[in-house]
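Going down the list, the protein sequences come from chains Z and U. Counting from 1, one number per residue, gives the positions in the first sequence under the UniProt record's numbering. Counting from 1, one number per residue, gives the positions in the second sequence under the UniProt record's numbering.
Be aware that a few hints might be false.
No copy is singled out in the list; a pair is fine if it fits within one copy or between any two copies.
As the list claims (entries may be wrong) - Pairs of lysine to aspartate or glutamate residues, derived as EDC-like cross-links and limited to a Cα-Cα distance of at most 16 Å, are as follows:
#1 K22 x E6
#2 K126 x E50
#3 K60 x E86
#4 K99 x E40
#5 K121 x D94
#6 K121 x E14
#7 K70 x D26
#8 K60 x D124
#9 K126 x D57
#10 K143 x E14
#11 K121 x E86
#12 K70 x E11
It should be emphasised that the hints constitute simulated quantities derived from the structure, not laboratory data.
Next come the chains, spelled out residue by residue.
There are 2 protein chains.
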Amino acid sequence: MSAFPERTTREEVELGSTLQPKFGPDGLIPCITQDHATGEVLMFAFMNAESLQLTLDSGKATYWSRSRSKLWMKGEESGNVQLVREVRTDCDQDVILIKVEQSGPANASCHNGYKSCFYRKLVDPKANDYVLETTTEPLFDPKQVYKK
Amino acid sequence: MSAFPERTTREEVELGSTLQPKFGPDGLIPCITQDHATGEVLMFAFMNAESLQLTLDSGKATYWSRSRSKLWMKGEESGNVQLVREVRTDCDQDVILIKVEQSGPANASCHNGYKSCFYRKLVDPKANDYVLETTTEPLFDPKQVYKK
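The whole structure should be built from the sequences, with the hints applied where relevant.
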């Protein structure tokens, strides 16, 4: 059950001024999360209607965890909360983009301790050897933060 | 059929130095495309193994069009090609992030003529009115570029 406006015409969805998000057959919409200050892409996750609404209402990024099948306010365990500074959608409104200010002890988004989940890049994309290098250092030790 | 390395252990996938991309049950992996110079998120699309391999080999962003069920080299119609400058993946390697240099006549990624598909933002996320504003101007007229 979603309070979001119904999707209307393609013209209105693509060029209009009303948020009409498209949730997939599984009830989810992809969300890209970007650092508000630097533009760095921090993570990629999914939201259902409830988590998107909670994100808007609370100003704290809240996702839907597919692995745990539950709402997941970012930082609820680690304390690394994401304060929402901007909410965007794409042309056909089937993706959400939020810009956030990382808050909390480590300023990290990734459960492996890195600021961004995208901490590895291909050394040489054309080399056909699929070798990744890690381009940054972890900001916290996951073993200390997540006691499972 | 993919030439990409098989997925091995969680440790190797998350912290290792080999690209082991996870394609979903539909054979697709989400791809975030970012402007290499500014960090602006330009678009979000999907790749299958073939389009990811073509992206690496050719250095030009190539996606899988779900609506047309075909490979789609970005810019094949509009001329606005994306030259790949960096390829990243996330912690569990189920998302690709590419940083590109937009090339071609309009330097635009969106079929509606905008540089980025994310040309609208919520005016006030907490207002609960779902009002979007367009924050940029189109760089080309889609009617002139796409003759369908």
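Checked hints:
1. K22 x E6: within (9 Å within a copy, 33 Å between copies)
2. K126 x E50: between (42 Å within a copy, 14 Å between copies)
3. K60 x E86: Within one copy only: 11 Å inside a chain, 30 Å across chains, cut-off 16 Å.
4. K99 x E40: both (10 Å within a copy, 11 Å between copies)
5. K121 x D94: For K121 and D94, only the inter-copy Cα distance (14 Å) is at most 16 Å; the intra-copy one is 27 Å.
6. K121 x E14: between (33 Å within a copy, 13 Å between copies)
7. K70 x D26: within (14 Å within a copy, 24 Å between copies)
8. K60 x D124: between (37 Å within a copy, 14 Å between copies)
9. K126 x D57: Only across copies: K126 and D57 sit 5 Å apart there, 45 Å inside one copy, limit 16 Å.
10. K143 x E14: Between. Shortest inter-copy distance 15 Å satisfies the 16 Å Cα cut-off; intra-copy 44 Å does not.
11. K121 x E86: Cα proximity of K121 and E86: across copies only (7 Å, versus 27 Å in one copy).
12. K70 x E11: Neither. Shortest intra-copy (34 Å) and inter-copy (24 Å) distances fail the 16 Å Cα cut-off.
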